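Engineer: What follows is each chain in one-letter form.
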Amino acid sequence: MRARAIEVRYQRGGVLAVSGVTIDLRPGAGLLITGGRGAGKSSVLRALLGLAGPGGDITVLGAPPGDPAALRRIGWAPPSWPFGYGLTAREVVGMVAALKGHGPSGAARAIAEAGVQQADRRVEGLEIEDVRRTALACALTGEPDLLVLDDPWEFPETVAAIRRAMARGAAVLAASADPGGLPAVLGASIHLTDGAPG
Amino acid sequence: MIPLLTIARVEARGIRRRRWVLAVAAIGAAVIIAGAVVAGGRGGTAGLDTMRSWAAGVYLLAGLVLAAALGASTVNRDADGGWVGLQVATGTPRGTVALGRIAGRLTTLIAIFAAWMVIAAIGSAAIGQGADSALAVHGLAMLGNMALVLTAAGLCSVALGPVASGIVAIALYVSSLSLVNLMAAVDEGVIGTAWTGLITTLYLILPRAITSPMLSDLQARGDAGVAGAPLEINGNLVIVPAASWLTVLWALAWCALFAVVAAAAFRRRALS
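Chains A and B supply the protein sequences, listed in that same order.
Heads up, the first sequence is in this note's numbering, so the first residue is 24 and it goes up one at a time.
Heads up, the second sequence is in this note's numbering, so the first residue is 4 and it goes up one at a time.
Don't take each hint at face value.
Footprint (simulated), chain A over chain B, 3 or more residues, beta carbon under 8 angstroms [claimed, not checked]:
1. 11-19
2. 84-97
3. 109-115
Note that these hints are calculated values from the structure, not bench results.
The model shown is predicted, which means the values in this text are computed figures rather than measured ones.
Every residue gets a Cβ at the ideal spot worked out from N, C-alpha and C, and that includes glycine.
Pulled out of the complex, with its shape left as it was, chain B reads as follows (with noise of 0.2 angstroms):
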């Protein structure tokens, strides 16, 4: 556990001083405190939908572009480079190296969330509105949804390169999103039913993306901005009801599974 958390802790405070990492976390701050000036302009529900948007898609972009890079430089370049090859010639078990790996880029995509909720709590306050728990539960459901993303790119940067995995979590993320959105058109009854096993074996099957109750209201009103349009389907406007429990801990499972399939996978990992 020590060695793990050695490597967890360097990895993280290595990963927290490159430029690139700072540049997104300032970003997302920077928007979401312009989301509180402008929603601050308009005031009442008005304002409050525009705090929530802004800041919703702060935890969608930033969060996915910081997500899929974590993830995506999880082993690849640093294996080629020598970096990984040290860590593992200390004795390090090459499982623990992998999950030590994976676990600073998670600690650091859970610090900037940590820090974009607490400025949005900030801003929400500000414009009178208090510090709005439905924002807050969906900062938790988005940064749910990131560490897919994350784990999903540490997996395949065992055996691809940092572009090709940051694209393949982001493609993973897509359809996660999408199954859920389809299952939603399932339960409404808008989607033919020679396709609705298909869907629903998928939706059991594949990691879904979370939703959350505040999302699926703006996205309803169409005020969700960037953070989600209102859905489509067959001519008719599709409710995508917020995530179950169940939903929840299933996405978080795969978290796990392709943390420990890439630590196993890494075993075979030729390094420099």
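Looking at chain A on its own, in the form it has when it is part of the complex (with noise of 0.2 angstroms):
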């Protein structure tokens, strides 16, 4: 993945959220984006992901941002919680793996990876830490060639599927605001201060 002088911009003609960002980042390799509330983490990821509209130079295995292509081969673990309101843990990464054509199994194997403790129970009424623990599943889905993590809880099975990842040539790309001890499994980091590095 290369990505030049991202920039993200929300709204046509609006201030930029994230603005000089490069990230390069080879297969087998990590990358944790840090910064505090509001630094841009969020905003580079969804970019690369194109979904927000990105500028910039960015190549994502191979493809422009939102590639479909690309997208199937990429694990996007999103943030914001409650996701899937009415629906099971179960049935959240289940539709993930039937969208990128994977079968029950894909889903059920993601869901133990992750540590998903109550799968069986609307995303609603989950514990936080299974709300992060299914999002965690919904990237691990398939086994994808690109790990993007926003806000990942630093569990045990977090840290294994990186290394997992990374161990089979899979790139890992992490954002957080309290990282813990997830630079050192990632390997490098670049820190954002107002949607810029620095």
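Now that you have both chains on their own, put them together as the hints suggest.
Structural biologist: Quick look at the structure:
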């Protein structure tokens, strides 16, 4: 993944949420983006996924951001809570697996790897720990070539999943305001302040 | 096609478990049953009119609440909350995600209307009026109108918040009904000729509400209850005719247009 001078602007003519961020991530490598609340960490991840209209020279898995074929090879763990209101954790992960062309067994494996405790409970009734594990399970579905984790909690399963992914040659990109021991696991990090490196 | 169906199925499943949806469906069913009980006490033509007007009231009021609220939640809140972003991040094209989300809501609306119509048919049969095909046709007509509301609200939800989207969609339904009423007034010659051209042009271009033969009859006799008060324009009672098949197709074409435009507009929306 190569991204030069990433820019994110949420409204046409509005202020830049992110500017001048450069990321170079090779297979099997990891990178952690740190920074305080509102520093632009999530915006960078959304830009790379094509969720927020990005600017800059960006190539993700050989394609521009938001390319459907490339996205199917990316595992995305969203930060928000709750998502999938009315559905169980298993149904949420099952949807991700189905949309990526994997069967229920792929979802079950991801749920087990993420350590989701109450997979058959609706997400709005889950403990926050299980919500974060459900997000991790969504990312792990189908053994992606690039893991993108927004605000991952430092569970043993998170660390194990990151190490496993990097060992099989997948790149891992994470963003966290409170990274704990993740910098050591991912190996490299950049810090954002007000949407820019520094 | 399969991703669209997957998203539609998942959305419909989540929506059908929401308490407010279940509550609106249950209240509608309870009112139709109550209408059947009252109708049974009256008997004859009066009983039939009662059954029909109560059911028609549910199709209009509960249907409007359901359609507007379902459509208004198609994109906005879930887009800000990360759910829509998760669906898009699977590599499913944005247009497919938008259409799947609308389809899931439409399926729920159809399922609830089907349940109400079955209960109404059982109620009609219980009071000795058979399954009442006229009421069933009215139910289908209102389902078409509510599909228009839902898809319009879905389109609005790409750019507006839930409340604004619901209000705009309801306003659209009111205007589509007004257009049909005004056209009926034009046809009966009770509106000044200065307005005829404008009303006819708008009638030909804009979405039109679907009116059923049953409601047309009840409204003309003043027995439609909340579903349709007698229409008076310039002091003249106006009979609003039942919609033609062309109007039905026109309304459905507008539903499709709203859904397609929503899918196109969704491609440019930033997601969390």
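Engineer: Would you mind marking each hint as holding or not holding in the structure?
Structural biologist: Right, here's what the structure says about each hint:
no., hint, in the structure
1, 11-19, "holds (count 5)"
2, 84-97, "holds (count 12)"
3, 109-115, "violated (count 0)"
Of the numbered hints stated above, the single one contradicted by the structure is hint 3.
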